[in-house]
Amino acid sequence: MGSHGIADRVAIVSMGCTAFREHWDRGVDDLAIDATLEALGPIGLQPGDVDAWWLGTAQSGMSGITLAAPLKLEGVPVTRVENYCATGSEALRQACYAVASGAYDVAAAVGVEKVKDSGYQGLNAFPIPTDGTQRTLTAAAMFSLVAPAYAAKYGVDPAELRRTLARIASKNHANGARNPRAQFRREMDVDAICAMPEVAGMLSVFDCAGVADGAAAVVVVRAEDAHRYTDSPLYVKALSFVAGNGSGLLDPDYDYTHFPECELAARDAYAQAGITDPRRELAMAEVHDCFTPTELVLMEDLGFSERGTAWQDCEAGVFDLHGDLPVNTDGGLKSFGHPVGASGLRMLFECWLQLRGAAPEDRRIDTADRGLALTHNLGGYPGEMVSFVGIWGSERG
Amino acid sequence: MRGIISATGYLPHWRLDRAEIAAVLGSGSGSGARTVASYDEDPVTLGVAAARSALNGIPGTDRVDSLSFATTAPVYAEKSASPLLHAALRLPGSAATVDAGPGLRGAAGALRAALRSTDDLVVVIAGDVRTGLAGSGDESGGGDAGSAVVVGDDTVAPLVAEYVGGASATREFLDRWRAPGELRMHAWEDRFGQQRYDALAADAWDRALASCGLTDGDLTRVAVSAPNPRSGATLAKRLGSAGVELTDRLDRSVGFTGAAHPGLLLADLLERSGPGDLVAVISLADGADVTILRRTDVAVDGPTVAEQVASGAALPYARYLAWRGVLPVQPPNRPEPARMSASAADRRAEWKYGFVGSRDRSSGAVHLPPARVSYRGGTADDMEVLPMADRRATVATFTVDSLAYSPSPPVVFAVCDFEGGGRLPLELTDVSATDVRIGMQVEMTFRRIGTADGIANYFWKARPLPGPGVAGEAN
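Read top to bottom, the protein sequences are chains A and B. Per the numbering used here, residue 1 is the first one in the first sequence, and the count goes up by one each step. Per the numbering used here, residue 1001 is the first one in the second sequence, and the count goes up by one each step.
Since the hints were made in silico from the structure, they are not lab data. Positions of the beta carbon are idealized from the N, C-alpha and C atoms, including for glycine. Careful, some of the hints might be misleading.
[Stated by the list, open to error] Partial list, derived from the structure: chain B residues whose beta carbon lies under 10 Å from chain A:
id	residue
1	Arg-1339
2	Ala-1349
3	Trp-1351
4	Pro-1369
5	Val-1400
6	Leu-1426
7	Thr-1434
8	Ile-1438
[Said to hold, decoys possible] The following label-pair restraints were derived from C-beta to C-beta distances:
id	chain 1	residue 1	chain 2	residue 2	range
9	B	Asp-1453	A	Glu-22	25 to 35 Å
10	B	Ala-1380	A	His-227	47 to 57 Å
11	B	Asp-1251	A	Ala-243	29 to 39 Å
12	B	Ala-1019	A	Gly-119	23 to 33 Å
[Said to hold, decoys possible] From the structure, some residues in chain B lie toward chain A, with a derived Cβ separation under 8 Å:
id	residue
13	Gln-1330
14	Ala-1338
15	Met-1340
16	Ser-1341
17	Arg-1348
18	Thr-1397
19	Asp-1401
20	Ser-1402
21	Leu-1403
22	Glu-1427
23	Ile-1449
24	Thr-1451
25	Phe-1459
Please model the complete structure; the sequences and the hints are all you need to start from.
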């Protein structure tokens, strides 16, 4: 494989992240400005000090002008990127490569999404002209296909799996309740979640990520320059991305109990970072919990649990805030909602806080022996998705 | 010898019990049930369903010279619907297609023309959705159906019935009328129309018999199609006294299915008849058209009209009213689907209308929709065309989506694995959400997915294999 990675060549020196909310009073411009200034302020930079920008937004604007205009950037490149729900992470990936190449000294990635101006609930994709044969199912229904397939393959009683999925939601809500930036800050117990009416397969609304507006921003520089900006940078250990070819929708061998794109992205990322036992080497992971069955399967795809055992690990509390490997310590998509362009950077923001000991005490995890964190996004549906895995560390190797 | 190669009726899955209408509205009467087209069916899809069945197994459908389509509920005023049927049936590009309507008489007229033409193969299709205002006679007495008759020479394919002769009678009179797009049917006093129809029927019948040198008693079995149950009753009585069997008009079990009715009764007539039987269809629709046929010993394929009458599932009246738009209901608060692109649909016409996939010659991998590069092995541009519409599939997994936009939520959606290879996630139809199971066998059905900007968008869905006694709550 020709993937070599850029481990330890790029450093994250500052970040900003807005609260994720129904920001009726703030537009795309406001959110992008807020996140960007929050990232630049602590390191004493002005927008004009950044050499190149990447803007991640799925459908809140087109072209780099969406960012250049509100920030009044002058004479610099701004690249708008879109890669489904991994859009924010993709913006950062490109910024990191630009710095690693030597093309720029200081680059920034800004992810923003203004979802709540559509007038509809949920995320609604930008219509591209088609032959009219495409399915019109919701993402919730597409991911709901995973639950019965998983239950059947591993002999889990569907009622028991229902409780496991509720426990995943409950865990993320418990974490989100401790995060002032989260949209939903109420704890939800397993029984209450199980009692909700089904809306898609066995999933209720509490198995689904919320919908919110938000933005996040990150500044990256060459690793050797990091200490000019901060005493506590994070280092980029791995960046991997897989765009699926949709064969899961065509191939009768695909069984809806795993996401091959995520497995492949994780394998590449671990190779780049030199990780052999992610369950024990990572301090935490922020994963794409768009729906509860997604997080369940990801525990296996990302190598945290053996195949067919993630449901037991979830039940045993392995991924709880103070479990063996805390997952979604900030509350995840479940508590934050999912402004598509911003989510990947929001996940990194939690790693930025936790690995540097800056997370609030009530959700701070122990990172004394482990200095690595993972973020993961996916976009699309089972059978046809993109996947990003990033690994970040507090020590330069 | 000219004649009929096949004739089939298609009855939709759903039935409305007429007693339910009176129970809700507090007035009206009626017994039995009427057929109801699903929310995703329209005259075009009903016609396609009947014609797929009629053309099934006929050798040389590439020799179809012409197709006609009749309905009283046209999908478009300007655009012809017949090319849509032509596409879904994958008929040759050299075939002529024509819309024989709107209006009740188009179907009988098209059949007459087909029997007298010199074309190798002619497909005469009709489909109708009969609605009317709540509480109207058309609502309770109407029914939805498709019918298709394949006409040709016995040199092309074996005939199930030889054309013996026929006659028509025409005279302008005002019986029933409806403006384009209008829901309400208007009718003159019934007795006026009945008497006009009785006179036309007798006139056409006598001339038809005379042209063939036959008398009443030579006929074995006759079907009378008329918009009113009493129209044609005088002739029917006369034939009955001569020992001729009159077939059920299907008023009680199906309803009058408009343009589709003559073909539906013809299919039923031939299905009930044996070798040598002399049979006739008398179609009364703004005139009278008589067709006399002799049944051959060629077997007819099922499912027969009678078998379809005996199956189906009950639909609540409120749902019926919502499906037909008689009772407007609040749509989900989701963006409505965008209109299809005419040029994108044109590029993919074989897929969209014909449900034709592709198979990689080197790996055998089936691609739905057709692809240029294989997912298995990556070979480029080495695919063969693979028609899939007649292949059955098995539900690998499924879900029920209460959030997705649909004219009739919830959406039941299944990952379908096809016999002989190939997978496609598909919407299921003609099914109750609680009845879906992994491993269920499904077949493909051509449906109207929706309408946007006035464009009717068609594609294929899957439905459980019908069988006698399936959810037989109706009747």
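Of the numbered hints stated earlier in the document, which are not met by this structure?
7, 11, 12, 13 and 24
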